[in-house]
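S.K.: The residues making up each chain are set out below.
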Amino acid sequence: MSLNHSEPTGTGTDRVKRGMAEQLKGGVIMDVVTPEQAKIAEDAGAVAVMALERVPADIRVEGGIARMSDPDMIEGIIGAVSIPVMAKARIGHFVEAQVLQALGVDYVDESEVLTPADEAHHIVKSAFTVPFVCGATDLGEALRRISEGAAMIRSKGEAGTGNVVEATRHMRAIRAGIKRLGTLDETELFVAAKELRAPYDLVAEVARTGALPVVLFTAGGIATPADAAMMMQLGAQGVFVGSGIFKSGDPAQRAAAIVQATTFFDDPSVIAKVSRGLGEAMVGINVSTLPESEQYAKRGW
Amino acid sequence: MTPPTIGVLALQGDVREHLAALRATGAEARPVRRPGELAEVDGLVLPGGESTTMAKLAARFGMLQPLRDAVRAGLPAYGSCAGMILLADTVLDAPADQETIGGLDVTVRRNAFGRQVDSFETEVQLAGVPGPPLHAVFIRAPWVEEAGPAVEVLGRVEGGPADGKIVAVRQGRLVATSFHPELTGDTRVHALFVELVREVVELVPGARAMRARDHASSAGAGADAGSEGRTS
Chain A
1 MSLNHSEPTG
11 TGTDRVKRGM
21 AEQLKGGVIM
31 DVVTPEQAKI
41 AEDAGAVAVM
51 ALERVPADIR
61 VEGGIARMSD
71 PDMIEGIIGA
81 VSIPVMAKAR
91 IGHFVEAQVL
101 QALGVDYVDE
111 SEVLTPADEA
121 HHIVKSAFTV
131 PFVCGATDLG
141 EALRRISEGA
151 AMIRSKGEAG
161 TGNVVEATRH
171 MRAIRAGIKR
181 LGTLDETELF
191 VAAKELRAPY
201 DLVAEVARTG
211 ALPVVLFTAG
221 GIATPADAAM
231 MMQLGAQGVF
241 VGSGIFKSGD
251 PAQRAAAIVQ
261 ATTFFDDPSV
271 IAKVSRGLGE
281 AMVGINVSTL
291 PESEQYAKRG
301 W
Chain B
1001 MTPPTIGVLA
1011 LQGDVREHLA
1021 ALRATGAEAR
1031 PVRRPGELAE
1041 VDGLVLPGGE
1051 STTMAKLAAR
1061 FGMLQPLRDA
1071 VRAGLPAYGS
1081 CAGMILLADT
1091 VLDAPADQET
1101 IGGLDVTVRR
1111 NAFGRQVDSF
1121 ETEVQLAGVP
1131 GPPLHAVFIR
1141 APWVEEAGPA
1151 VEVLGRVEGG
1161 PADGKIVAVR
1171 QGRLVATSFH
1181 PELTGDTRVH
1191 ALFVELVREV
1201 VELVPGARAM
1211 RARDHASSAG
1221 AGADAGSEGR
1231 TS
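Residue numbers (our numbering), protein chains in the order written: chain A, 1 to 301; chain B, 1001 to 1232.
Isolated chain A (complex conformation) (with noise of 0.2 Å):
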């Protein structure tokens, strides 16, 4: 009960940081790289729109070093859209982290598709009052990037690929750690955050609650209505398409099928129905073909 006069107040604590998320819950995040992107991302329904200067399908193809966007696009694509605006920073870059948030930006992503910039360290993220979300393969990656601050998880998956694999593959590894703790003793759960090399209170708060103690979307690699929908069943409580979308044949149909298909991932007479004449899907990449230094998910630690 929230009875108690001792909660904090004003701007930047968890509560608010946490709760952006919860707003988010059950919506599609688009990447987009122009104000025009991010108006037909808005028009077609989308929660929030990630600004960034190329989507990870043309990162890959360019390659070089990849970076936070140039703050005036930032600024554009703010002034476009009523909706949230996330932007990227790299991971251990807490200046690009600073300067998105001396830009307004809603949620900062320490994201493994930007070319790291610390090889040790992520980002002290408890230290913004802008929020963070950041990628996880696993439920110990998860919780560490929890107890540096992050607000909200989301799967690495690979993206820029338009191939689902990775996405499910951590989906699945951090819903099977949630579950495993749960069936854990006591003494058996400071074994296990040993092993999952985070924080034992963490630990054993999700071994109580029986999930993370923050919202989990999925991310890389989705390209369809049906992939979308996958991962909700999955367990993810929203997605992010990067890639996907603005890569396809017709974007703006294909952005408000994906929207459709998260609200109603339960049914699939609606997703039949919206999957119908979307026209191409972004061509995909079979990640096992990758050399490891082009793997995003391996990013990060």
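You may find that some hints are simply not true.
What the hints assert, rightly or not - Short, incomplete list of chain A residues facing chain B, as computed with Cβ under 10 Å:
id, residue
1, 19
2, 42
3, 45
4, 101
5, 263
Hints were generated in silico from the structure; no laboratory data involved.
No residue lacks a Cβ here, since even glycine has one placed at the ideal position from N, Cα and C.
We have chain A; now place chain B onto it with these hints.
M.R.: The following block gives chain B in isolation, referenced to the frame of chain A:
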């Protein structure tokens, strides 16, 4: 007495938290995504989330008109944050084509307190809610810029740059707050709404059955309520 059945519009947003808060007050709570489900509830909660997304999904799935009809016909409704926007007759700082359900004679400004970095927690004293002030969580929240004569102001922000702004209102069977009581574990606002629904159910005992009958006749014999009005 059987508890009232209260739906939570489940197109997008923090549906689960509202369901939990309603159940904690003794109501029967269920998600509502389709016209047939709307016809089976005594009251409706419009959750927090993105109002643009909810309005677009409602329109695409043939829910917008049934929602408007139900509210106009006297279905009790409570909206938090995005839900307040959906209940407002007039919305400022919204995309030009944003539609609402309407019913509350208020002008609401979206994202009125600023962007996410301006989201905050504070105490708000609410008329009609006994006990100490509510701990209120404002997330990219709207406020009520103007309220018509029939609208009762239940609460205002005290202190800070938004001092005096209206953040909780009631008009007849409609209640709205800018903030999110569903995120705090304090169920007093939900209890207030459940009590309102209970009174309406006692006053008009056949209302739900009538709506269900109307829905069944308009959906046509043998039509699946779930697929009604679906368009792409």
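S.K.: For every hint, state whether the structure bears it out.
M.R.: Hints, one by one, checked against the model:
Satisfaction of the interface hint for residue 19 of chain A is found here, the shortest Cβ-Cβ separation to chain B being roughly 5 Å, below the 10 Å cut-off. Interface restraint check: residue 42 of chain A against chain B, minimum CB-CB distance 6 Å, threshold 10 Å, status holds. Hint status for residue 45 of chain A: holds, given a least beta-carbon distance of 4 Å to chain B, under 10 Å. Interface restraint check for residue 101 of chain A: the shortest CB-CB distance to chain B comes to about 6 Å, inside 10 Å, so the restraint holds.
For residue 263 of chain A, the interface hint holds, the least distance from its beta-carbon to any beta-carbon of chain B being 5 Å, beneath 10 Å.
In summary, the structure agrees with every hint in the numbered list given earlier.
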